[in-house]
Structures are given as structure tokens and as C-alpha cells.
Amino acid sequence: MDKILKEFLEEYLEEFLDESLKEFLEKSLQESKEVSLEECLDKFLRDGQEEFSKCSRYAVDWKALLADNDISTIVPNSSWPVELCHNGWEYNNSFVMSSIVIDYNLVCEYDIYPTLGLVALNTGGPIGVYLFGMLNDRAGRRMAYFCCLATLLFGSFITAASSSFWMWAFSRVIVGLTIPAVYQIPFIIALELVGPNYRSFVTVMTCTFYTFGLMMLAGVTYLIRDWVELTLYTSVPFLLYFLYLFIMPESPRWLLMKGKLEEALKILEKMAKVNGKQFPAAFKNKLQMRVEAEKSRTVKKEEVSIGAFDLCRTPNMRLKTILITLNWFVNETVYLGLSYYGPSLGENQYLSFFLSSLVEIPSYVVCWIIMDRYGRRWPMCMLMILGGISCVATVVLPEDAVMETLFLYLLSKSMISASFLIIYPFAGELYPTQVRGVGIGTSSYIGGLGLIVIPFITYLGKENLVLPLVIMGCVSVAGGFTGLRLPETLHHRLPQTLEEGELFGQDWTFDDCFRCIPTKKSPTGSYENLSQEPSDTALELNRGVPMVNGNGTGGSGGGGGASGGSRSTASGSGGGYEVATSTEKTPLEIARLRRKSMKRLVRQASTMDTQKTAEGAMQLTYWF
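Position in the sequence shown (from 1) plus 639 gives the number in this note's numbering.
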């Protein structure tokens, strides 16, 4: 909830009037009861203006002017000199009692300062993900989470105690260090505590409860109109989360990765007991073998270092990496930009923010339904294009069409929320297993740069309310069209190595852009099911290879030879014969043999995971 505090701090609250002018007018009205304050104020509007200037005033001697003239006969003179306000401002407190704008006078030439504070908050995110990501992998999930929680509380208390804008901005950088790590770390723990078939459910539920938090925040900000009190009310409850020290377990997967078998077994036994399941006696030996296998696999993988540059060595992988990163950038930027801009639309800023959060929930449900029917590429691109068109359409509405503008905004917000949910599993399915962690990490970090840019785009709304919507709409439409070039992943086996990643989608044609229902075919290659570990996948592939018994006959293939494989000749009492040697077969040949016996498609829904390290543990990324 603290993440959305910046929404409250950046409201458009600078409705003010020059204090000295009002003082003179009220003094004059005490002598002349025939003229109202409103009529008097109208006298001081400059020629052609419809409202008062908020940052300048007439540089005239008001006492002499009012002493020599009747106030009802005074007419503003365009030749009067103008100067900036020097005696402070009077603020409209009908919406908010106190804000950083009011307390620090961030108006006129300083009105961009709240935007800079928002940039400071978003700048801390990538830094924090890197720092807490290292702590997450080295010290464990529990330690990383509670350190992150302590950092959040520390930054929030400094925010509440800030005596100047720059102290406040520094405190927002500290708070930004914990976003999104403070809720992504427990999300990773949850994913590592459930089976593969439930990880998609955990992902969707995480997004749903995040939206519930935004809706609650709308009510909290409505009841609490002081920004210091709001900071404390949304921060102090985090102290209760330290009670999780006594009940939240460490991730068993992380413990196994670190070789802490006994600690992992205690947690797994407790999980089995809570679920009413019998813990298998032989499971301990199996885990011991698994730990040893993971250690040997880690040593082998450390010999071959794979980085982000390997994603761009071949043309097809390079193109897919650019398009994935571009669409991630667009989705993250537009989604957050629309979230920031919600309170500025409509007649009631609190209701507008509540509605902008509420529309996300049905979009998640619809997204969950269509992803397994129409795939990932087509729904994501269509949602981005239609959402962008809804934003751009606001430019044709008249200025007084407040409700129509709000409706188009809510429509676009729901679509972008759905497309943003799709991009994460879609990217995970497009990047090969060998570089999935590096690929998603690279795309998400570059996408996070949009969070630094988007506050300046929303700042343009001070002069033209729909201009930020038009800009974000154009960006969304452009990103949606570029995404059509990506290959579909539904009903396809997913690439495991860089070589398979280069082959995946090479047969793309322009007609694929208009195919909304994916074809049910699998490209050639040993593609894996993300719901399984690599070792399990290899075991299944090996089981499909014809083996040879002692008599020279194929055990599963029904013959002594195997087509497509390498052949060897052996002599014995039965004479010479040819056998299929599984150890000499390539992965592509093994996959062809295995695919013939498969009766069902890969369950794509299980791929909505975070990326994993080489040992199979979840990895922290810059994901919102």
C-alpha cells in the first residue's frame, strides 16, 4: 500500500489566490458593503482571462489605487506591470488538509518538484532489486524479506519526519529500494511452497490482492487528508509483519539449493502434516540424491558462462529479445502511467482512483480465460492496441466531457492491466531455459526505466488534461503492433537451449499476425515443459528411446534397428546385428522419438513462474 502513497502526494492541489490582494479587497469591502467579494475579484482579472493567475499579480500600489477610486469602477489595465507573488499563497483545503505541495510551497516555478520526488521513488526500485536480490539468494528468503521490511519502515518514518523537500525526496529513494522487493520476495516464497500446477493460481491471486490493496487505499486517503498522518497510517501496520518471524518458513527449495537437507525435510514434513498427507519414507533418500545431482550440475554450468549478450548473437533470438523488451517497457510504462493519472480524471479524485483499481479485477479473470484458448501473442497485442486507441480517443472529446473521458480511461486501464499480466509468462515461454533468468531480468530492468520517464509524461497534464493519455495511447498501439511479430507459444513445446530458441519462431510468416487461434503443432526440437525440472524432462525423453535386450531385439521399438539414429555392428554367438545406441543420439532425434508416443499437450498455464537460477530456485526480478 505504501507504493501508492505517491498518488496522494502528487495530487493537483495548487488552487491558490494571492494573499495580499485578498487582504486589500476584504479591507475595502468593509468600507463598501454594496460590492461582494466575488464581484471585486472579477475586477482584477486581466484582459481575456477567465481565471486568476496562480503565480503572478499586478505590481501596483493597492492602497493608493483603492484610496483614489471606488472599487466598483476599477477596470484592470493591461499596461499594469506584473510581478511574481512574494507574500505566499492561500491554498484550497477542501480536498486535502496538508500535502507536500502545501507544506513546502511546491507551486509555480517549483511545481515540478513533486514529479522529481516521484522519479526519486522509482529510481530506487532497480537498485533495491539488485541489492535484495543478492541477499535473497545468499542469505535466504526470510532474511531478505525482513531486511526489506525494516528498510521500508525506516524510509517511511523519515518521510513522515521530513522538514524539507530534499529530505523528503531522499526518504522516497529509501522507500523505493523496497519496491517491488517487499512483495515480490514473499511471492517467490509462495511459488516455491506450492506445486507447479498451482503457481499460475498464486500469480493471479497475487495480482488480485494487490488490486484490493489499491481499492482500500482509495478509502484510506479519503478518510485521512493529512500526508504525514497518511504516511504513518500506511506504514506502522507493517510492524505487524514481523510476527511472521515465528510462522513463516524458509523456502525448502532454497534450503535444498544450499545443501541444508535436514531443515528442508522438517518444513516438508510439516507441510505434509497440515495437508493431511503421508510423508514418504523413501523421499529423504530421493532428496539426498537430488541435492548431490544439483551440486554436480552447478559445477558443470559454472564452466560455461551465459550472459545477456548471448541473447543477441543470432538474428532470430536478437529480434525476439528486442521485441520482448520493447513490449515489457510499453506495458510497464503505460500501466503505471495510467495508475498515476487516475485521480486527475473525473469529478472526484478518490472515486476515480477507486474505479481505476476496480477495473483490474475483471480484466484478470478475462485474461486468465482467454490465455489458454487464444494464446498469449494475439490477446496481448489486441489488448494493447485497443487500450491505446481508447486513450487516444479522448482527444476528440470536448473539455467538459468529464465522464466520457473517465469511461475511456477506465476501459484502457482494464486492457493494459490484462496485457501486463500476459507479458510475464509470455516472455518466460519465449526465452530458452538456458537463458530464461538472464532474459527476463534484462527485459524487466530495461522496462523499469519507463518508471523514471512516466512521471514527466503525466506532468504534461497540468497544461492539457488528455495529452498524457494520447502519448501513452500512441506508445501502447505501437507496442501492440510490434508484438505481432513474436511467435505464439500456446500448444508449442518450449525451447530449452539457445540453439532451440533460435529455431523457435523462424518459420513465422505475415499471415501469423491475423491468426487469432493458435495452431496445435510442435516445432522440431527437444522442448521442455516448464512444470518439470530439466532432470525430469531428460528422464522422460530417455524413456522414449528404443533399447536393446540381450537377444538383440528392440525392447520398446520392436526391432533390432532404429531409424534416424547412429548404427553400430556387434558380433556374437547369434551373428552380427545392428542396435540403436541412445547415448549417441542427438537431443533432436530423441525428441522426435519421444513425441510419437505423447498423447497430450503441454500444460501451458504452469509456465507463469518467476525465472529460476541454475539450481532451480526462484530468482528476484524487477516485476510489477
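Keep in mind that a hint or two might mislead.
Under the rule of at most 35 Å between Cα atoms (straight-line distance), these lysine-lysine pairs were calculated in the DSBU-like manner [unchecked claim]:
id : residue 1 : residue 2
1  : Lys897    : Lys916
2  : Lys909    : Lys925
3  : Lys923    : Lys905
4  : Lys899    : Lys925
5  : Lys925    : Lys912
6  : Lys912    : Lys923
7  : Lys925    : Lys897
8  : Lys897    : Lys923
9  : Lys905    : Lys916
Rather than coming from a laboratory, the hints here were simulated on the basis of the structure. All values reported here derive from a predicted model rather than from experimental measurement.
Quick rundown of the hints versus the structure:
The suggested pairing of lysine 897 with lysine 916 holds, with an alpha-carbon distance near 26 Å, which does not exceed 35 Å. Of the pairs offered as hints, the one joining lysine 909 and lysine 925 holds, with about 18 Å between alpha carbons and a cut-off of 35 Å not exceeded. For the hint pairing lysine 923 with lysine 905, the CA-to-CA distance comes to about 11 Å; that is within 35 Å, so the pair holds. Annotation: proposed proximity of lysine 899 to lysine 925 holds, straight-line Cα distance about 14 Å (limit 35 Å).
Distance restraint check for lysine 925 and lysine 912: the Cα-Cα separation of roughly 19 Å lies within the 35 Å cut-off, and the hinted pair is therefore satisfied. Among the hinted pairs, lysine 912 with lysine 923 is consistent with the structure: their alpha-carbon atoms are about 16 Å apart, no more than 35 Å. Note on lysine 925 and lysine 897: the hinted pairing holds, with a Cα-Cα distance of about 16 Å set against a maximum of 35 Å. Only pairs whose Cα atoms come within 35 Å are accepted, and lysine 897 paired with lysine 923 is accepted, the gap being roughly 16 Å.
Between lysine 905 and lysine 916 the CA atoms are separated by roughly 14 Å; this keeps the pair inside 35 Å, and the hint holds.
Violated hints are absent here; each numbered hint is respected by the structure.
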